[in-house]
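Those protein sequences? They're chains G and D, same order as listed.
Counting along the first sequence from 1, when you hit position 148 you're at 148 in this note's numbering, and nothing is skipped either side.
Counting along the second sequence from 1, when you hit position 60 you're at 60 in this note's numbering, and nothing is skipped either side.
Quick caveat, the hints were computed from the structure, so don't treat them as lab data.
Computed from a predicted model, the values in this text were never measured in an experiment.
We put the CB at the ideal spot given by N, CA and C, even for glycine.
Some clues are possibly wrong.
Beta-carbon label-pair distances, calculated as ranges [to be verified]: (1) D/53 / G/32: 29 to 35 angstroms; (2) G/96 / D/85: 48 to 54 angstroms; (3) D/92 / G/3: 39 to 45 angstroms; (4) G/179 / D/85: 29 to 35 angstroms; (5) G/123 / D/51: 45 to 51 angstroms; (6) D/38 / G/236: 32 to 38 angstroms.
Output of the computed footprint for chain D on chain G, the stretches with three or more beta carbons under 8 angstroms from beta carbons of chain D [what the hints assert, rightly or not]: (7) 131–140; (8) 147–159; (9) 174–184; (10) 204–216.
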Amino acid sequence: MNDPFALWVYLSSTPLLWLTVTLCVWVGADWLALKSGRNPLVNPVLLSIIAVGAVLLATGTPYGRYFEGAQFVHFLLGPAIVAIAVPLVTNRKIVMENLLPLLGALLAGSVTAIVSVVLLGRLFGLPPDVLLAMVPKSVTAGVAMGIAEQIGGSPSLTAVLVVLTGVTGAVLVTPIMNALEITDYAARGFSVGLASHGIGTARAFAVDPVAGTFAGIAMGLNAVLTSVLAPILAAWLV
Amino acid sequence: MIAILALLLACQLAGEILARSLALPMPGPVVGLILLAIVLLAWVQRRPDLKGTLLDKVTTFLVGGLGLLFVPTGVGVVQQLGLLGDYGVGIVLTLIISAVLTMLATVGAFLAVKHWTGKRP
Chain G
1 MNDPFALWVY LSSTPLLWLT VTLCVWVGAD WLALKSGRNP LVNPVLLSII AVGAVLLATG
61 TPYGRYFEGA QFVHFLLGPA IVAIAVPLVT NRKIVMENLL PLLGALLAGS VTAIVSVVLL
121 GRLFGLPPDV LLAMVPKSVT AGVAMGIAEQ IGGSPSLTAV LVVLTGVTGA VLVTPIMNAL
181 EITDYAARGF SVGLASHGIG TARAFAVDPV AGTFAGIAMG LNAVLTSVLA PILAAWLV
Chain D
1 MIAILALLLA CQLAGEILAR SLALPMPGPV VGLILLAIVL LAWVQRRPDL KGTLLDKVTT
61 FLVGGLGLLF VPTGVGVVQQ LGLLGDYGVG IVLTLIISAV LTMLATVGAF LAVKHWTGKR
121 P
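Chain D on its own, in the form it takes in the complex:
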């Protein structure tokens, strides 16, 4: 459990160091994700099944509980009530319509490319 947390933090730290020192356009945790994926891909050559391991369980728990992690940030809305009073309707409508358009464009492109490349429709 602690070893897994240490592994995740070490990957994030290494990602942060790489991103900053090489001035990469991507954020540290994403570089950390790529590093961990490389390590795991090498690992599964020898021990093929990650499913059901402690690593799998801990990370499933972390990723599955993602919603909670956004609560502290979201509560920051109490600082923006003035701005939301002035532009609230415009902001909310913009975000809702944009989210719907983004989902439609994404799912449409996904299914279209899948169709063209001859995979199951």
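The following block holds chain G by itself, in its conformation from the complex:
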């Protein structure tokens, strides 16, 4: 009677359990996404968050303890950003051909992401500390948390808003671009990578390799530009 409980107490405090849970849930969620024919609504990131979150709430496990295990996955975000250099260099020809459109889109998208989220947030009556945390929401998680800290927002709230934004873009990009009959996969990929960072990039790679490459470029460039723009625009808007 006492044994299974003691085992649980032991396991739930080791990184092994929560790392394994994260990976197994992901494998299941990704399998479902594949079975659905990569239907944009069946987003593996969203499914995994709901499933793992439900397990944590049901077992009363604090997030901090979960993260002790999950941090090994989280840690790879940095090297994964560095790794975008490789598709950037292998696709340098098509990137150079699209250099001006890419820079124009970067500027338009980055400014729109910051300004629109603050103005809309005000319209919906959100308090200033939430607005500040929202400013870098289109930037990939680790970078966005750093920006939030710099401008006085809560990094942990920003992290959640970043993932919600990522899932939103990944779910909506295919229906929106199809409805607008946009067939330029460089443009499609760039827009989802800019708006929805790594989660959008993962979606883009699932659809088309050129879209994925441009999404990765947009994610990297927007991280740089937002790092520069966010402090200026946040001081002006919030």
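Put chain D on the given structure of chain G with help from the hints.
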């Protein structure tokens, strides 16, 4: 495999050191990305094709599996349930509309500049 992981981490570390010591406005991993791109651009002068190499495969795997890497951060939503209870509808609507506007502005600017600069429409 290990050599490639070491290369990525070394670039990230160098990027982190540069970003901090020069007080650059950009984050360490992004500086690391730029450093690796410079190294690779020098490399492809001599060995032109990166496609199909182990480096290409490992990085494709890492970038392709990006979604998983966001799960631990996203699960942090369990800490924010109180805030989402108070402002959830406003937050979600703001994020959705802003994401749509951002994608439209980006794709619109991309296609417009491409059109003006006389590339394929």
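Does the hinted range 39 to 45 angstroms hold for residue 92 of chain D and residue 3 of chain G at CB? holds (44 angstroms)
Using the beta carbons of residue 96 of chain G and residue 85 of chain D, state whether their distance is inside 48 to 54 angstroms or not. holds (49 angstroms)
Coverage criterion applied to the stretch 204–216 of chain G (partner chain D; beta-carbon cut 8 angstroms; 3 residues): holds (count 3)
Can you tell me if the stretch 147–159 of chain G counts as covered by chain D, using C-beta to C-beta distances under 8 angstroms and a minimum of three residues? Answer holds; 3 residues pass the 8 angstroms Cβ test.
Examine the stretch 174–184 of chain G for residues whose CB is less than 8 angstroms from any CB of chain D, and state whether their number is three or more. holds (count 5)
Does the beta carbon distance between residue 53 of chain D and residue 32 of chain G stay inside 29 to 35 angstroms, or does it fall outside? holds (32 angstroms)
Okay, residue 123 of chain G versus residue 51 of chain D on CB: inside 45 to 51 angstroms? Taking Cβ atoms as reference, residue 123 of chain G and residue 51 of chain D lie about 47 angstroms apart, which means the hint holds.
Verdict on chain D covering the stretch 131–140 of chain G, where coverage means 3 or more residues with a C-beta closer than 8 angstroms: Since three or more residues must qualify, the claim that chain D covers the stretch 131–140 of chain G holds, with 3 doing so at under 8 angstroms.
Is it true that residue 179 of chain G and residue 85 of chain D lie within 29 to 35 angstroms of each other by Cβ? holds (33 angstroms)
Cβ distance range 32 to 38 angstroms for residue 38 of chain D and residue 236 of chain G, holds or violated: Holds: the Cβ-Cβ distance is about 34 angstroms, inside 32 to 38 angstroms.
The structure meets every hint from the earlier list without exception.
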